[in-house]
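Chain order of the listed sequences is V and C. 2 is the number of the first residue of the first sequence in my numbering; add one for each residue after it. 24 is the number of the first residue of the second sequence in my numbering; add one for each residue after it.
Read the hints as simulated data drawn from the structure, not as lab findings. Each hint should be verified, as a subset may be incorrect.
[Said to hold, decoys possible] Computed Cβ-Cβ distance ranges for the label pairs, DEER-style:
1) Pro430(V) - Ala138(C): 24 to 34 Å
2) His231(C) - Asn17(V): 43 to 53 Å
3) Asn136(V) - Pro137(C): 51 to 61 Å
4) Asn136(V) - Ala138(C): 48 to 58 Å
5) Gln164(C) - Ala401(V): 41 to 51 Å
6) Ala401(V) - Lys90(C): 52 to 62 Å
7) Ile379(V) - Asp81(C): 53 to 63 Å
8) Gly167(C) - Gly26(V): 38 to 48 Å
[As the list claims (entries may be wrong)] Simulated coverage check for chain C against chain V, where a stretch passes if three residues somewhere in it have a Cβ under 8 Å from a Cβ of chain V:
9) 73-81
10) 126-134
11) 138-144
The C-beta atom is built at its ideal place from N, Cα and C for all residues, glycine as well.
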Amino acid sequence: MLLYQLKIALTSLRRNPVITSLLIGGIALGICVSTTFIALRHVFEKDPLPGKSNTLFYVRLDNWDPQRAYVAEDPKSLPTMVTYRDMRELMKSNIPTRQTGTFRSRFFVHPDPKIGRPFAEDVRLVFSDFFTMFNVPFQYGGGWDKAADAKPEPVIVIDQNTNQKLFGGANSVGRTVRLEDRNYKVVGVLAPWNPPLRFYDPTQGLGPKVEPIYMPFNFTPILEIQTYGNSDGWKGNDGNGFQAFLNSDTCWLEYWVELPTPEKQQAFREYVNNYVIDQKKHGRFGRPLHTEVTSMPELTKELGVVPPQIRSLAIVSVLFLIVCSLNLIGLLLGKFIARIPEISVRRALGASRLQVFWQHIVECEVVGIAGGLIGLGISVGLLKMVAKVIPNGDVVHLDAEMIAVSIFLSLVAGLLAGIYPAWRVCSIPPAMQLKVQ
Amino acid sequence: MLEMTHIKKIYRTISIETHALEDLSLSVKAGEFVSVTGPSGSGKTTFLNVAGLLDTFDSGSYILDGKDVSRLSDREMSQIRNRTIGFVFQSFNLIPDLNVFDNVDVPLRYRGLPATERKARIENALSMVGLSARVRHLPSQLSGGQQQRVAIARVLAGDPKLILADEPTGNLDSAMSREIMDLLGKINDNGTTIVMVTHNAECSERAHRQLHVFDGRIADVDRPRVVLGSPVATPGLTATLN
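Just chain V, with the same shape it has in the complex (with noise of 0.2 Å):
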């Protein structure tokens, strides 16, 4: 019966292009709007890291002044950050599978003169465990292992537009590059990597693309490596140069671990606790125990990383096309009105009043899927366009889960301009209609 009441549906549909066509573009205008604030949220909302998200957590401390919070409005708030000596202690831990510290800083590239001037690039110093735990893609080698972190090895892993800048795109690895005053040995190649939050480092939110070059952590100290991100502090250093700023209470590091479990995650929660607790006993820490470990997911909802106005524009965009289904019931009811003496004739020869009803629904339904499709197409564009205007926005895309969600919300929308029509035309005795033609 449904194959049925579609070839009737078609045949309906034919009849009237016009009207068709009206009804298939009112549809597919709250498709394609809908559809595109929708993805818009859906591509920064949803799992940052596939698979990784609930495993990676974000440590922070509450090492502020004692006399005020670190949001003074606000008694529970704490450093988005923790200071050096802090990430160094408590990375001595067992407990997480894998850990990184990180933070931004600045350095010159110096590439062969023949290729080029000298020019500035920003550089993210990490950990071994970075690259796994955040599942960085490499197109040629990868990232350095532990014992390069411990040594550290003047190593460097750079991403692709780098890579065609100094070598032309080949496969760099083993190649030098020189930054600053030293050389460093190529061992990995990027892939094309563009996440749709700089997630590791949720300070920035929807900021700059990812960094182009990584190198290991440990240099910081050797070569005294300044921040280029963000840092706060509430008292002066103990002392001059660059070692008191290493030992400060200056938040300016990220620090990630990955707790695959919970046992992990409740194991490694009280080994910062009792990091903290012990850190008072030397004075330190003089606010009351707040310490937060949390997950990816958790922290770009608390940080509120994606703008509101986004969850806003969602919002907004699924009433406008439930505003596109209902303006659309006057349409539907005047085509529908106009086949009483048609379907007077099918419910004289045998069609209940459910079967008819079930018929319209059926074609109320193509013509919901045909504005669907309609639409989707027509939102990629418009996606397409709104990635212009956001930061990173070449992540936004339509994946298959928002091409189910726009396929369902036109099965709605095709369901709630028809409803009522197709009730009304069911409901009318079949034996008003007969003798007229």
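Given chain V, work out where chain C should sit, using these hints.
Coordinates of chain C only, in the frame set by chain V:
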């Protein structure tokens, strides 16, 4: 086959009550060919609509093919219309977008028959009405007589026990009318009960029995129960202003 007893049907609007059928009683045996005549507004079409379960009635009882159809659900009534009753209308009531084959196919689809059986029935029915060569034609490409034959083929394909015909020759010339009446006669000869509403005296006389509807009641022309002009006669179609 068809037993109606004291059927009453009132159409109500906000200000007017129209008694379309007033104490209508009728009995039609299986295999009978009955014609129903009457002046305009006497209730013939309403009677046919109630008989064909296209409309409900307000009081009385109606036994169709041994089954009390007074309190059936819409689904049950639809099934009876599909399997037991066939309709032939004055204006043919073919679906204009469907060709001859698909028009005859409509009631069979609602019966849920498999494609092979439907095809066999349709081809057989069209051959009985002499339209096998017009299978792919649209109704607009057929004459009035041909369209009515398609409508009859649509009925035959379902093999109903009862055919209700509402002015089947109303839109046809005399030659075509005779053709259609011959066809209906043959169908009746095969055992199908036919109740036909008509204004045409010649068509009416083809029936075994003639009934006359007047003011929502039935009188047999052959065996009159109500005599016009007598105190027993009804005073005319009742329209009560509320």
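So, going through the hints one by one against the coordinates:
{"no.": "1", "hint": "Pro430(V) - Ala138(C): 24 to 34 Å", "in the structure": "holds (32 Å)"}
{"no.": "2", "hint": "His231(C) - Asn17(V): 43 to 53 Å", "in the structure": "holds (47 Å)"}
{"no.": "3", "hint": "Asn136(V) - Pro137(C): 51 to 61 Å", "in the structure": "holds (55 Å)"}
{"no.": "4", "hint": "Asn136(V) - Ala138(C): 48 to 58 Å", "in the structure": "holds (54 Å)"}
{"no.": "5", "hint": "Gln164(C) - Ala401(V): 41 to 51 Å", "in the structure": "holds (49 Å)"}
{"no.": "6", "hint": "Ala401(V) - Lys90(C): 52 to 62 Å", "in the structure": "holds (54 Å)"}
{"no.": "7", "hint": "Ile379(V) - Asp81(C): 53 to 63 Å", "in the structure": "holds (55 Å)"}
{"no.": "8", "hint": "Gly167(C) - Gly26(V): 38 to 48 Å", "in the structure": "holds (40 Å)"}
{"no.": "9", "hint": "73-81", "in the structure": "holds (count 3)"}
{"no.": "10", "hint": "126-134", "in the structure": "holds (count 5)"}
{"no.": "11", "hint": "138-144", "in the structure": "violated (count 0)"}
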